[in-house]
Amino acid sequence: MVSQKALQHAEKCRFCWMCRHLCPVQHQTGKELNTPRAKGLLLSMVSKKSAEFDRDMAQAMYECMLCDACVNDCCTGYQPPLFIREARTEAVVNELAPEAVMQLIENVETSGNIYGTVKPSFAREGTDVLVYIGEVAACKVSGMAKALLNILEKTGIRAKVLDNEPASGAMLADLMGYVEEVTQQASACADAINAAKLPTVVVLDSYDAEIMKQRYAEWGCEIKAEVVTATAYVAKLLEEGKLAPKSKKRGSGVCHDDDRLARSFYEFAPVRAMAKAAGFDLAEMFNRERLAKSCGSAVALGYMPEITIKVAGGRWQDMIRTDAKAMLVANPQAYLCLSQCVPAEKELVDLFTALDESL
Amino acid sequence: MIKRILVCVKLVPTATSVEMDGQFRLKRDGTSLQLNIADVSALEAALRLKAATPDAEVVVLSMGPAKTSQTLQELYALGADRVILLSDPALAGADSFATAKALVAAIRCLGDFDCLLCGRRAIDAETGQIPGQLAAALGIPAVTNVQQLTARDNGFLCQRRLENGTAQLEIAAPCLLSVCEYTYPLRLPGIMGKRRARDKQVEVLTAVAVGLSAEECGLRGSKTKVIRVDTRAPGLRKCRYCETDVLAEKIREVQL
Chain W
26 MVSQKALQHA EKCRFCWMCR HLCPVQHQTG KELNTPRAKG LLLSMVSKKS AEFDRDMAQA
86 MYECMLCDAC VNDCCTGYQP PLFIREARTE AVVNELAPEA VMQLIENVET SGNIYGTVKP
146 SFAREGTDVL VYIGEVAACK VSGMAKALLN ILEKTGIRAK VLDNEPASGA MLADLMGYVE
206 EVTQQASACA DAINAAKLPT VVVLDSYDAE IMKQRYAEWG CEIKAEVVTA TAYVAKLLEE
266 GKLAPKSKKR GSGVCHDDDR LARSFYEFAP VRAMAKAAGF DLAEMFNRER LAKSCGSAVA
326 LGYMPEITIK VAGGRWQDMI RTDAKAMLVA NPQAYLCLSQ CVPAEKELVD LFTALDESL
Chain S
1103 MIKRILVCVK LVPTATSVEM DGQFRLKRDG TSLQLNIADV SALEAALRLK AATPDAEVVV
1163 LSMGPAKTSQ TLQELYALGA DRVILLSDPA LAGADSFATA KALVAAIRCL GDFDCLLCGR
1223 RAIDAETGQI PGQLAAALGI PAVTNVQQLT ARDNGFLCQR RLENGTAQLE IAAPCLLSVC
1283 EYTYPLRLPG IMGKRRARDK QVEVLTAVAV GLSAEECGLR GSKTKVIRVD TRAPGLRKCR
1343 YCETDVLAEK IREVQL
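If you read the protein sequences in the order shown, they are chains W and S. Each number in my numbering corresponds to the 1-based position in the first sequence with 25 added. Each number in my numbering corresponds to the 1-based position in the second sequence with 1102 added.
Keeping only pairs whose Cα atoms sit at most 27 Å apart, straight-line, the calculated DSS-like set for lysine-lysine is:
{"no.": "1", "chain 1": "S", "residue 1": "1302", "chain 2": "W", "residue 2": "30"}
{"no.": "2", "chain 1": "S", "residue 1": "1169", "chain 2": "W", "residue 2": "37"}
{"no.": "3", "chain 1": "W", "residue 1": "30", "chain 2": "W", "residue 2": "73"}
{"no.": "4", "chain 1": "S", "residue 1": "1296", "chain 2": "W", "residue 2": "73"}
Note that these hints are calculated values from the structure, not bench results.
Full structure from sequences and hints, please.
Written out as structure tokens, the structure is:
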């Protein structure tokens, strides 16, 4: 059912249970099925023909944020997202995926984004860098996108944004695994970015940045420009003194390390540099940097809102333990998920907006 | 216009070290197998030719143990129209000559084709002899070490890798083209392709079905026999650089 490589990973588990302690979905649902090791066991049983891959099993494969927390700490090199993505492919192929998942896939097919709507345009002409906004920021967290463009404008950087910005494939890859349909989106996206002929593409959403930097070349659709995360780009502008934020104390805050930025790029410093520049005194959560805990993803919020809001709530609990006033976020998907359940007397801060306001 | 493309593929061990049996044959049981890296490029080249010629058919042929059929079945999802496995215990232990002979017998059973694609060499045995042997036995022209391929009216335009550069060659169909590894990354299967693949089975051919006698197969049909395998001890090389005027003397010293 899944590839030999994926099955090898599924069967590598030594039952140490570390992944159980790290999985943000298991923490909130308490279901044993929601441990990465249980998902591996299920697929192993299917391969040995002692169980059938059915709707319940497919559902279990979707109750995962693909956040890589389990990969980060596994002593066997076990990579559950590898077999979970393949299992999702099988679920879609065999029409066993949850209805809500199929609806999101249909939305992508008909409108190019998971929301099934016309994506608001941020198109503008520029000759210095290309900014890739992404569908979540464009449709749901537009303030963050506008703030990033404002910051660049205030620095004198002429940023171009594509009209009809194509999807990167990141959403579809989380919904149906790495399949040809995803590479087709990736290829169209790379072509559009390459056609802009700019030396740098600044990517706002870490999910888009991850697939562009880590998958496109492997699929033969390499982006010729340098792909830089928006956080890293803005932090570099701060470091080079090209941004001069006004000194303004904004109280205490904790930076939420986005799981893909943290574990795919080991990128922790830029978000903290932005927070300090915006005037925050930084506290830290225990689950930070490579140990960062996911607060959900836009895709998961789309097909399992209840669980995703619980996962976001779990992240707020981590924050509450620090006594900080604000949760500081620089990723549109994290902002979207955390905004669903902001605790009383706590504040969710979009760091791009905060920095823009301080300039 | 291309109508039929044959692709020969081999499944090779994924492991970096594989044991040998008493007859110096690789022990393939118990090791996981993957498509040989150069054959990946050949298959992708075939699928691209097919995409450019909608009515073209891609037929994949492999020779190996029955257990490889599960991995080969996945090739339907990529767009292969037929996947054929030549599998028979009698074929075990074949050298490159006997392997080529068996493949040629199977290819003849499959009928006419415009192009026979294969990887330029397999990473397990590394002989690189099969493409040439196939072309010679089938009596068709061949271009080896292809690293770019385009269909032309009655043939193909190939870029061939040479030691110090490349050469552009035109070749008329039917022909054999052996493709370099890493030339084309293999596409991922699509959802629709996987759905189509669910109902398809790998076609299995036996030695008898392709008209081979027991004497022509496997070890018995092989022209070569491995009599010894040595591993190179590390750190024993005694390479020395010398001027050409003392070379003859040095050669005499080491009794070459």
